[in-house]
Structures are given as structure tokens and as C-alpha cells.
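Based on the provided sequences and hints, a complete structural model is requested.
Listed below, chain by chain, are the residues.
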Amino acid sequence: MRILWALIKKEFYQIFRDPSSILIAFVLPFMLLIIYMYGINLDTLKINVGMKIDDPSQQVTTLIDSFKSNKYVNLKVYNDKKKMYNDLVGSRIRGMIIIPNDFSSKLDRGETAEIQVITDGSETNLANYVQNYSKTIVQQWLMASSKYSGESTPALINVSSRFWYNQEINSHYFIVPGSLSITMTLIGMLLTALVVAREWERGTMEALLTTRVKKIQIVLSKYISYFILGMASMCFSVFLIVAVFQIPFRGSFTVLFFFSALFLLATMGQGLLISTVLKDQYTASQTALVVGFLPALMLSGLIYPIQSMPVPIQWICAFMPSKYMVSGLQSEFMAGTVWGIIIPNCIFLLVLTVILFILVYKKTDMRMD
Amino acid sequence: MFRRILTLIWKEFLSIWNDPRSRVIIVAPPFIQLLIFAHAATMEVRNIDIAVLDKSNTVESRDLISKFAHSRWFKTIIPVQNEKQLAGLMQDQKVQLGLVLNTDFSKNMLKKKSTDVQVIADGRQTNVASIANGYATDIISQYENEHFPKKYKSTPRINLQVRNWFNPNLIFLWYTVISLVTILATTIGLILTSLSIAREREMGTFDQLIVSPLTAFEILVGKTVPPLLLSMIMASVMSFLVVHLFKVPFVGSIVLFYIGTFFYLLSIVGIGLFISSICKTQQQAILGAFTFQMPAILLSGYISPIEDMPIFFQHLTVINPFRYFLVIMKGLFLKAMPFSDILSNIIPLMLIAVFTLSLASWTFKRNLD
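Protein sequence lines correspond, in order, to chains A and B.
Read in order, the letters of the first sequence correspond to residues 6 to 374 in this note's numbering.
Read in order, the letters of the second sequence correspond to residues 41 to 409 in this note's numbering.
It should be emphasised that the hints constitute simulated quantities derived from the structure, not laboratory data.
As a list, the in silico EDC-like pairs of lysine to aspartate or glutamate whose alpha-carbon atoms are at most 16 Å apart:
1. A/76 x B/347
2. A/86 x A/60
3. A/88 x B/381
4. A/81 x A/59
This is the structure:
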């Protein structure tokens with residue numbers, strides 16, 4: 006026990022003497038949270054749209070006004086069609102709306118008038134937004150305009166849409182808590198991927214092996230010290246999310262704590278396994294990055310919905326601890342503790358943690374070969 | 041002087057290439073990731089599972105439900121008996137959408153009286169929720185128009201003619217794979233360079249370099265060329281795959297592609313070397329690389345467009361090389377972007393490259409003295 010304590014103390018000295026561990030545990034999460042909170046948005050995007058009007062009538066000005074007053078559209082009116090095309094090609098606008106010269110005369114005659122909407126398909130997601138925004142704005146304008154609204158009968162079916170757990174469908178409510186899984190993966194996997202390899206590379210492992218230290222003590226000291234660092238960082242992030250960014254939290258902090266602890270242990274197992282097997286920081290860090298971190302980011306369901314992916318890839322996702330972390334975090338923050346999600350996710354993480362721990366233990370060499 | 045630089049370049053190249061593990065870790069994962077992430081990283085919402093509470097249980101209501109079953113967006117339809125069951129399925133994320141039809145559904149419809157239909161979406165995944173809700177609303181109004189068409193008296197209508205340029209069918213995969221090539225090439229270039237000096241410093245071989253007749257400038261050139269070459273080769277091979285495997289068109293100029301890629305990767309290598317020159321250990325270097333790369337990708341317009349960000353972040357993206365390269369890549373692959381637009385995106389890259397490389401050589405020299 007005394008030896009273990011001494012080893013943990015040694016790890017902590019190493020952590021505190023290298024400013025980069027503090028950077029990754031506290032500064033980077035803070036930076037990322039700010040970016041996720043203010044820099045990123047997954048819905049109701051504001052986009053630049055160009056417009057060219059060939060019909061100078063009074064009616065059209067009210068239509069332009071409704072485009073201009075829409076808070077999701079930055080409208081830029083062009084006189085020169087060529088210039089608008091160039092701006093679309095140069096990615097300065099995402100779409101173009103062209104109102105032909107017979108627009109109001111056709112409406113006046115009760116015919117179907119046409120509006121051209123051209124989107125930049127190379128920005129596939131934004132192209133959809135251009136379509137939807139222009140469709141909605143034109144419809145609303147038509148309904149509201151006293152001249153054209155006519156006597157259209159209301160629809161028979163009233164669709165009342167409800168969004169549970171997040172009424173105003175604010176994407177920050179799910180992406181900001183979800184980003185916790187990214188910072189914890191960073192600490193859990195990237196830092197620990199370096200830690201054992203470093204000892205081998207610098208030869209300090211040899212020094213350790215000549216002492217009476219047991220294998221289990223080496224493994225545990227790595228686990229415990231980085232676990233404490235990771236959990237401290239987690240608590241710091243949760244404090245920022247709940248107290249500073251005012252993201253609603255409906256679950257229980259105790260459940261969140263234990264759940265995140267399991268996740269952290271699972272990712273630490275991955276990192277330590279990489280480090281123990283490769284024994285070289287250069288390859289270990291790259292492996293952690295490409296095998297661990299990037300998949301954890303892309304296949305966790307945080308940004309890209311898993312159920313939309315092809316089935317083979319869904320299977321790969323099923324082995325990503327971050328997938329379980331993201332769904333658990335989102336439920337805990339937005340819906341309160343949902344045992345139907347927390348329990349299976351915990352079981353998965355626990356099994357993974359145990360398997361990885363055994364592997365790390367088995368792979369830890371006590372000999373200099 | 042050239043001989044000396046060439047020898048150093050060769051040595052650098054060998055140190056990356058001679059270790060079979062490092063060779064595998066550099067070459068294999070980007071391709072595997074390109075293949076997997078290409079299908080995973082989609083904002084499209086498919087395979088939606090929906091719980092249906094049909095209290096009316098009539099021919100009409102079953103008709104409406106079968107419309108959902110035949111839609112290509114929905115996968116499984118789970119009939120439920122009561123609200124509680126529906127809430128349970130929603131809570132455990134077994135379904136993404138719920139549909140509730142009232143007892144008076146077909147009675148009212150046949151009498152041409154309005155009726156309520158509830159669509160409930162899981163707000164924990166806002167993107168999925170709002171898109172799935174949109175699909176559901178479309179299906180319901182389609183159903184109404186087919187089965188209970190309204191009689192239009194010549195009410196004016198507007199027809200939106202939508203065209204998507206550069207990607208007529210809005211294939212999301214095109215957008216994804218082009219962005220992925222840029223992300224993966226960035227990762228390779230950044231990691232290789234940021235680790236290079238730090239690694240030699242930690243291993244002690246850096247002192248050997250310093251006592252050699254090489255000047256600081258020569259060492260820096262020797263450190264720049266191999267990662268630049270390697271990541272350019274990777275970018276070309278991945279782009280080749282994008283065109284021939286994923287069938288994404290490449291309509292721009294190959295020469296501009298190489299000029300753009302060269303300056304982009306040069307700026308990335310400059311950033312990597314700068315990070316490396318201020319770091320003492322590999323841990324600091326890799327974490328430093330991360331602290332740059334994560335925000336750079338998030339604030340590039342890849343996830344949400346730059347015009348949607350707060351002004352502060354918009355200004356910050358001016359120094360983000362990733363932002364310019366995304367425009368160049370999409371412009372060359374899909375839009376045949378003209379030289380002037382490409383140039384206006386290459387110039388910032390040149391400036392960033394010159395700045396970071398000179399900063400790197402300055403800190404590097406200062407450290408030598």
C-alpha cells in the first residue's frame with residue numbers, strides 16, 4: 006500500500022510538472038466548451054443568400070422585405086446576375102433566389118407564378134437550408150399578403166409537433182454536454198497512451214523494475230492518478246456547463262459522476278493498452294489518435310446520428326465507449342435519469358473496463374527484453 | 041549546402057519510414073477511416089423508428105400509417121396500446137418519433153371537420169428531431185391531399201423551381217468525403233511535424249543535430265520537406281480514391297489542386313514545427329497539435345457555416361488555414377472554381393505559412409543559442 010501511494014505521488018509530480026497535462030485537462034475543455042456553446046450550431050443556421058429581382062412591382066417589395074426581415078437569412082440583393090453567379094461559385098453566398106419579371110402579373114391573373122431557387126450543392130447541408138427557408142418564407146408571404154391570400158381552406162389535419170426533453174430544440178443542450186465525452190476521451194486515451202511508453206522510452210521503467218514494486222502496483226498507480234486528473238477535469242467541465250453556460254441539467258449528479266467514471270476507466274484501459282503494447286510514444290500517440298480518438302469523435306452519435314448509418318458501421322459504433330457515453334450524457338442532462346439507458350450503458354462500459362484492465366495487466370512486462 | 045539538406049531530408053524520411061509500425065500507422069488508418077467515416081459522417085436522417093398510437097383504428101388511420109411504412113425515411117413502425125408505452129419507448133431511445141391519432145380521426149376527416157394529429161420527437165437529438173418531424177408533417181399533408189383534396193378556386197400559387205448546382209441530387213457523400221480528405225491530410229501533416237523536433241529532443245538525438253555542421257535553417261528545411269511530401273502523397277492518393285471509388289466528380293484544375301494543397305500543407309507543417317519548437321516533450325507536442333486542430337476543424341465552416349458564428353469567431357477564422365482549404369477543395373472538386381477565387385484563398389494560406397515557418401525558425405534559433 007505504501008509503495009502504491011508512493012507511485013501515485015510520483016505520477017502526480019509528473020502530471021503537475023508538465024504544463025501540458027493541465028492544459029489538456031482544464032484549458033482545452035474550457036476552450037472547446039466555448040466553441041461548442043457559441044461557435045457551433047446544428048439547426049436554424051444563419052446563411053448568406055443572394056437575390057435578383059426582375060419584377061419591379063409593389064407586391065415584390067413586400068416579398069423582399071419578408072426575406073430581409075427573416076433572422077436566418079442574410080439577404081444580398083444583386084443587380085447583376087453574373088456577379089451573383091460568381092459569388093455562388095466563390096462560396097460567398099449559399100444560394101440564389103431569382104424572381105422573374107412576370108411574377109406579379111401572373112399572380113394577379115390567378116395563375117401559378119414561378120420563383121427560381123438555385124443552391125450551392127457543394128454545401129449539401131446548407132443547400133437544404135436554402136430550399137427550406139425560401140419555401141417557408143414564400144408560403145408565409147403568400148398567406149399574409151392581403152391581395153393573394155384568397156379563401157384557401159385550412160388543412161383538415163392539424164399536426165401538433167412536440168419535442169420532448171428539449172421543447173425549443175436548442176442544439177446546444179445536447180452538443181455541449183456531449184462534448185464532455187470528447188474531452189474525457191482526450192484525457193483518458195491520449196494522456197494514458199503516452200504514460201507507459203514514456204517510462205520505457207526514457208528508461209525509467211528499468212529503474213522501477215529493479216525495485217520491489219509489483220506489477221499490479223504499477224498498473225494501479227497509472228490508473229488511479231490519471232483517473233483523478235480525468236474526474237477533476239470532468240467536474241470542472243460540468244460546473245462550467247451547468248453554472249456558467251446555464252445548460253439545463255435534469256438528472257442526478259451522483260449518477261452522472263459514476264457513469265462518467267466508468268467511461269473514463271474504459272477509455273483509460275484503451276490508452277494504457279496501446280501504451281503498454283507499443284512502448285514507444287511516437288507510435289502510441291498516433292495510434293491513440295487514429296484508432297481511438299477520431300473514431301470516438303465521428304462514431305459516437307454526437308454530431309452524426311448513428312441510426313442513419315449503414316448497418317455494418319452501426320456495428321462498429323456499438324464497440325465505441327463514447328457512443329454509450331454520449332447517449333447517457335444526453336439523457337442525464339435533458340431527460341433526467343433514464344435507467345433504461347443508464348443501466349445497459351453502464352454494463353457495457355463495466356465489461357469493457359474489466360476486459361481492458363485484464364489485458365493491460367497481462368501485457369505489462371516486468372522484464373527487459 | 042544542398043547535399044547536407046538532402047542528407048537530412050533522407051534521414052528524416054527514413055526515421056518515419058524505416059520503422060514498420062510507424063509506416064503502418066501513417067498509411068493504413070487514413071484509408072480505413074476514409075472508407076468508414078465516408079458512410080458514417082452524414083447529416084441525413086434515415087432509418088427512423090416510430091411508435092404509433094392509433095386510437096382510431098380505422099381504414100383511414102391505417103392508410104395514413106402505411107404511408108409512413110412505405111416512406112424511405114422510416115424503418116420500423118411499432119404499434120403501441122397506450123401513451124405510457126409510447127413514453128417508455130421514447131425515453132429509452134428505442135424510437136425517435138411518436139405518432140398519436142385520436143379516436144375521432146376518421147370520423148372527423150369524413151365529415152370534413154378538422155382533427156388533431158400529434159407528432160412527438162425526441163429533442164435529445166435536435167437535428168434528428170427536427171428533420172424527422174419535417175418528414176412526418178410532409179407525409180401527413182401528402183396523405184390529406186391525396187385522400188381529401190381541397191377544391192381550389194383560382195387562388196394564386198407560387199411554384200418554387202429548385203436547382204442544386206454542382207451536386208444536383210444533393211448527395212451528402214460528396215460533401216463528406218471531400219471534407220474528410222482535408223481533415224485526414226491535416227492530421228498526418230500536423231502530427232508528423234509536431235512530433236519531429238520534440239521527439240529528437242526527448243530522445244537526446246537533437247544534440248547530435250546541433251553539433252553537426254547544419255545551420256538552423258537547414259535543419260528546419262530538413263524537418264519540413266519529408267512530412268510535407270508524405271502528406272501531399274496521402275492527399276493525392278485519397279483524392280484519387282474519392283474520384284474513382286466514391287465517384288465524386290473532379291471538375292477543377294489539377295494544377296491548382298496541387299498548388300492549393302502545397303500551400304495548405306506548408307502552412308500546416310509551419311504550425312506543426314512551431315508547436316514542436318516550443319515543446320520539450322512529445323506529450324506537449326501532441327497535445328499542442330490537438331489544441332490547434334480541434335478548434336481549427338470546428339471553426340472552419342465544416343460543421344456550421346462561418347456566417348452563422350458570432351462576430352468574434354468569424355474574425356478568428358481569418359487565421360484558420362483549414363477554412364481556406366475547404367473552400368479550395370470543394371471549389372476544385374465540384375465547382376470548377378476559377379483561378380481568381382482560388383487565388384484569394386491561397387494568399388491567406390501563403391501568409392500563414394510564411395508567418396508560422398519564420399516564427400518556428402525564430403523560436404528554434406533562440407532555443408539553439
